[in-house]
Amino acid sequence: MDVVLSLRRILNRFKKTDFVEILKTWNFINIDDLYASIDFQRNTKTTIVSRITEICREKNIRPYHVAQLDLIYQQKNPNCKNWTVFKLSQTSDKNGKQETAEYSVLEDSLRQQLAVFFRHDLDSRPQGESLWFRLHIHGIGVQVSTSDVIYMVYHPHSSYIITSAIKVTYKDYVLQAVLTSLKCTQLKELQLRGKNLKSLADMTLYQQCQGSFSQYRLNQADCNPLGRKKTIKRKDSSPDALRSRLTYENLQDKKARICKTEETFGTSQQPTLERLTFQLKTRFRGQHHIPAMVGHHSPIHCTVKFEGHSVIEGIKHLGTCGLASLPLPSHLANVHSLAKNTISLAEKS
Amino acid sequence: MAMDRSHMALSQVTPQVTSNLQQQTRSTPWLARRHTPYTKTPKSRRLTCKATRRIPRTARSRTVTSRVNELVGKTWRVYSVSPLHSFTSTRSHLRNYSRHLSAYLEAERHKGGIAVDVQSEFGEKASFNLMHGIALTEEDAEAIEITVRSRSQNGSKDGKIVFTGILCSVEYDGVNIDKENFVALPVFLVKGTAAVTRHVIAWLKIQFDCRINMMRFPPMELAWMVSMWSGLISDDENSDVAVVRFPSLELMYSVPEEVKGLKSITMTVKAGDAKLLWDSVHDQDSDDFTEEEMESFILGLEAHFFAHFKINLAAMTLCRITSSAAFIGAEGRVKILSEKHVHQVLRHFTKLVTESRPLK
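For the record, the sequence lines run as chains G and Y. According to the numbering used here, the residues represented by the first sequence are -7 to 341, in order. According to the numbering used here, the residues represented by the second sequence are 1130 to 1489, in order.
Hints were generated in silico from the structure; no laboratory data involved.
If the Cβ cut is set under 8 Å, some of the chain Y residues that face chain G in the computed set are: (1) 1387; (2) 1388; (3) 1390; (4) 1391; (5) 1396; (6) 1399; (7) 1402; (8) 1428; (9) 1429; (10) 1444.
On a predicted model such as this, the values are computed, not experimentally measured, just so you know. Each residue gets a CB set at the ideal place from its N, CA and C atoms; glycine is no exception.
Starting from the given sequences, assemble the full structure and let the hints guide the process.
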C-alpha cells in the first residue's frame, strides 16, 4: 500500500506530455500493453496515473522500481532542489583518486557503510558522466517525508560530491559513510550553494577553465576550416536602414566596454548562481562625502547581496550597460572561477 | 526714418502686449506649478516629535490604556486620506458607522459576481473603535480603528478578523481646515484582504467625501527616512550585546530591466557602524536633519560600495530600506519595529501627506 502511494505521488509530479518517454526509460511496464487501455492524448492526467498505478499493483511493484522512477524524475528536473557542494580530499600517501569507478562497486561500498548507522534504502542511476544516489532513511513512523530522502550526485574520479539538503540529525553520519566508502580522509563543505545543478558541477569541476578560457573547453577557439567565408558583403537595402539617421554618439566607448567584458567573462553563457554574498570588513572609503570619518580606521562591517536568476550574467551586463565602471575588481570579475557563493573581503594589512 | 517709425510702432505695441499677457496670466486657471508635479525637497526635516510627552486631554484619559504597541511588528499598507467631511467620533456615531459599513458589505456580497471575502460564507461585520495613545498634540484627532470580522456559523462567537484599518494623525500641521465640518486623519494603515480593503475604501470615499490614495515612497523619500532614523539607537544601548538585537541598516536597490539576470543588490551595515556614520554626519545639538546631512550620508555609503565593487549604486532605484525604526518598502509597506518609534514614523507620514497636497 505504501509503495503504491509513493508511486502515485511520484507519477503525479510528471507532466502529462512526458509520460510516454518516462515509461519507456523506466522500462518496468511494456508501453505497448498500455496503449490498449490508455489514450495518452485524450485522457486526463488523473485517469492516466490511476490506470498506471493499477497495472503496477497487478505486476507487484517493489520499492526499488519506485526509487528508480523517482531518480528519473529528479534527473529530469534537477533545478528544483537546493544543492550543496562538498570537497573530498585524501592524505598524500595514497596518490591519485579512487581505485575504481565502477558504479556497482561504489554503490555496494556506500550501502555497507550506511548500514552501520541507519536502516535505509539506497538506489543509484547513472546520468552521463555522473552517478546519482537516492538515499531514503527509514524514519520512526510509516510516513515517508521528503526530508528523509537525500539525493547525491557524484562524478567518479573527481573530488567533489553534490548533495541535496540533509537533516541535521543525519548529516554527520551520512557524510562519514560517504567519506569512508570513497576512501578519502577529509570532507569539507564548500561555500557554494545553488539550485542549478549543472552550473554547480561546472563551477567545481571546470574551475580552471571558466571565463575567457571556456572558449577552449567548449571548442570555440578554432573556426571550421571547411566553412564557407562570406567575401562579398551585401548592402543592407531595407527601407529602415536607408532612412535611419540615428547613430550612437559613444560607439567607440560601447565597443571598448564589450571588448573588455568579453576578455574577462568570455562569450559563452556564465554558470547560473541565484545569490552571491560578500562580507566586508574594511575601513570606510566614503571619506570624501563624510569628512568627519577621515580619522577613523576601524573596520565597517557590511554585507552585500546580489540576487537574481543568474547573478554572474547580471554582473557581466552591468559592465556593458554602463552601470559599473570597467575594469571590474578581481573579486567580481573572477567570480566564475572562485566556486564560492559567500566571499569575505578584509583590509589588506 | 523707417527705423524710427518701426521703433515707435514697437513701443506702441509692447505695452499693449505686456498688459495682454498680464491679463492672460491672471485669468488662466492653471497653476504655474503644473509643469513640476513633484513637490520640492525640503531643506531640513524634524527628527523628533515636538510633543514628546503625552498631553493629557481629560481626566478619563489616564485610565485608558494606550494601544500603540498593537501597531508594532505587523506589516501595514499606508494610504493617504484627505480631510473627512462630517465625521464625528462620539460613541453613537461610531456605532452608526459600523452598522452602515456592515450593511454596505452585505449589499456588495449580494450584488453577486465577486464576493467580498471569498472564505466567509456568512458575511462580515464591521466595527469602529477609538484607538488611544496615537494622537499627540491638541490638534490631532483621536485615532479610529476599523475592524471587519467574518461572521462564523454560530452567531455569538466572533469570526476571524479579515481587515484592520487605523486612521490616525500625529502632529498634524497642514493647511487650516474648517474644524466645524472636517476632521483630519491623514494616515490610513491597512492590513487585510484585497477585496475587503477595496470595499472599505470605496465606502469611506462615498460616506465622508474624501480622497484615499495608496502612498508610494519614491527613492528620495526612502533615502530621507533611512538617513534620519539610522541614528535612533541611543548611546547607552550601544553595547555589543544590544547591537545584536537591533536590526542593521539595510538598503535594497532594484537593478534596471536591461541588466538581465540580476534583480537586486542589498547592502547591509551593522547597527553600531551605521550609528557611527550617522554621528559623524549629524550635528548633535540640532533637532533637525538637513538636506546636506542626508546627502552626505547616502553618498558616503554609495562611495564605500563603489570603492569595493566599482558599481554605481546611484544609477539604481532604492526600493526597500530597513533602519532601527522600521522596514519601509517603496510600494507603500511599513513595519514598525519598536514602540518607541511609532510616533516618529507616523509623524513623518503625516508630514509627507500634508506636503503632497497642493497649497491653495
